[in-house]
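K.L.:
Residue numbers (this note's numbering), protein chains in the order written: chain Z, 212 to 324; chain P, 20 to 132.
To be clear, the hints were calculated from the coordinates, so they are not data collected in a lab.
Bear in mind the structure is a predicted one, so any value in this text is a computation, not a measurement.
A hint or two may mislead.
Stated by the list, open to error - Restraint-style ranges between C-beta atoms, simulated for each label pair:
# : chain 1 : residue 1 : chain 2 : residue 2 : range
1 : P       : Ser71     : Z       : Thr216    : 28 to 34 Å
2 : Z       : Glu264    : P       : Phe70     : 37 to 43 Å
3 : P       : Arg96     : Z       : Gly251    : 23 to 29 Å
4 : P       : Ala20     : Z       : Asn241    : 23 to 29 Å
Said to hold, decoys possible - Non-contacting residues of chain P with respect to chain Z, defined by C-beta distances greater than 10 Å in every case (computed):
# : residue
5 : Leu75
6 : Pro98
7 : Leu120
What the hints assert, rightly or not - If you only want the chain Z side, here are some residues facing chain P, beta carbon under 8 Å, derived:
#  : residue
8  : Ser238
9  : Gln252
10 : Gly253
11 : Pro254
12 : Phe271
13 : Pro272
14 : Pro273
15 : Phe275
16 : Ser297
17 : Ala298
18 : Leu301
19 : Tyr311
20 : Tyr313
Yeah, the Cβ is synthetic: ideal placement off N, Cα and C, and Gly gets one too.
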Amino acid sequence: ETGVTQSPTHLIKTRGQQVTLRCSSQSGHNTVSWYQQALGQGPQFIFQYYREEENGRGNFPPRFSGLQFPNYSSELNVNALELDDSALYLCASSRQGEFYGYTFGSGTRLTVV
Amino acid sequence: AQSVSQHNHHVILSEAASLELGCNYSYGGTVNLFWYVQYPGQHLQLLLKYFSGDPLVKGIKGFEAEFIKSKFSFNLRKPSVQWSDTAEYFCAVNTGTASKLTFGTGTRLQVTL
Numbered sequence: 212e213t214g215v216t217q218s219p220t221h222l223i224k225t226r227g228q229q230v231t232l233r234c235s236s237q238s239g240h241n242t243v244s245w246y247q248q249a250l251g252q253g254p255q256f257i258f259q260y261y262r263e264e265e266n267g268r269g270n271f272p273p274r275f276s277g278l279q280f281p282n283y284s285s286e287l288n289v290n291a292l293e294l295d296d297s298a299l300y301l302c303a304s305s306r307q308g309e310f311y312g313y314t315f316g317s318g319t320r321l322t323v324v
Numbered sequence: 020a021q022s023v024s025q026h027n028h029h030v031i032l033s034e035a036a037s038l039e040l041g042c043n044y045s046y047g048g049t050v051n052l053f054w055y056v057q058y059p060g061q062h063l064q065l066l067l068k069y070f071s072g073d074p075l076v077k078g079i080k081g082f083e084a085e086f087i088k089s090k091f092s093f094n095l096r097k098p099s100v101q102w103s104d105t106a107e108y109f110c111a112v113n114t115g116t117a118s119k120l121t122f123g124t125g126t127r128l129q130v131t132l
């Protein structure tokens with residue numbers, strides 16, 4: 212079975228710009244969750260997508276948005292980037308109703324300058 | 020809202036030493052508990068999980084954890100660490116049917132030869 216793949220692996224953006232991060236879920240998984248991991252911190256839940264709709268959201272502003280596609284892949288969009296958005300963004304997939312833990316991708320390292 | 024505390028931020032051990040990493044959570048209801056490991060340059064991997072039953076849970080690579088409900092704790096242990104155990108360890112909690120994980124800030128384990 213394939214794991215979770217994320218692209219790109221690294222990205223540098225300027226404050227105020229917009230960014231899109233992509234994630235392909237593990238085969239057989241229908242739910243995608245996004246986490247932000249700042250340096251020296253644990254991952255923080257951004258939101259989750261199931262059946263192409265947002266299915267739970269953490270304490271992140273509306274400029275963080277996402278999409279899930281029919282093949283269960285997902286995008287994370289961040290508008291009006293701020294310096295504090297610099298972090299590792301992790302995608303995790305799972306099966307709805309059978310939560311035994313996530314499969315995580317390797318993440319996208321976003322640097323905002 | 021639930022929270023997770025990992026009090027050991029950085030632990031340095033010699034090979035063959037015993038390991039115990041602390042994890043406490045704050046939530047009064049039913050919880051599912053996880054330990055994830057992040058080896059240098061790799062993605063988060065599930066070490067072990069507790070959902071119900073025997074409070075002593077065995078995971079991969081010789082790790083185990085004990086759920087003590089009265090202490091709201093889920094400490095990770097390994098009798099004899101190896102150099103290859105050098106990594107960051109995250110405790111996480113999930114409540115109810117939601118598949119959101121709340122992570123602790125992590126413990127960086129450094130094993131010296």
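K.L.:
All hints are to be evaluated individually against the structure, with a verdict given for each.
P.N.:
Outcome of the hint check:
{"no.": "1", "hint": "P:Ser71 with Z:Thr216: 28 to 34 Å", "result": "holds (33 Å)"}
{"no.": "2", "hint": "Z:Glu264 with P:Phe70: 37 to 43 Å", "result": "violated (27 Å)"}
{"no.": "3", "hint": "P:Arg96 with Z:Gly251: 23 to 29 Å", "result": "holds (24 Å)"}
{"no.": "4", "hint": "P:Ala20 with Z:Asn241: 23 to 29 Å", "result": "holds (26 Å)"}
{"no.": "5", "hint": "Leu75", "result": "holds (18 Å)"}
{"no.": "6", "hint": "Pro98", "result": "holds (24 Å)"}
{"no.": "7", "hint": "Leu120", "result": "violated (7 Å)"}
{"no.": "8", "hint": "Ser238", "result": "violated (16 Å)"}
{"no.": "9", "hint": "Gln252", "result": "holds (6 Å)"}
{"no.": "10", "hint": "Gly253", "result": "holds (3 Å)"}
{"no.": "11", "hint": "Pro254", "result": "holds (5 Å)"}
{"no.": "12", "hint": "Phe271", "result": "violated (12 Å)"}
{"no.": "13", "hint": "Pro272", "result": "violated (18 Å)"}
{"no.": "14", "hint": "Pro273", "result": "violated (18 Å)"}
{"no.": "15", "hint": "Phe275", "result": "violated (15 Å)"}
{"no.": "16", "hint": "Ser297", "result": "violated (18 Å)"}
{"no.": "17", "hint": "Ala298", "result": "violated (13 Å)"}
{"no.": "18", "hint": "Leu301", "result": "holds (7 Å)"}
{"no.": "19", "hint": "Tyr311", "result": "holds (7 Å)"}
{"no.": "20", "hint": "Tyr313", "result": "holds (7 Å)"}
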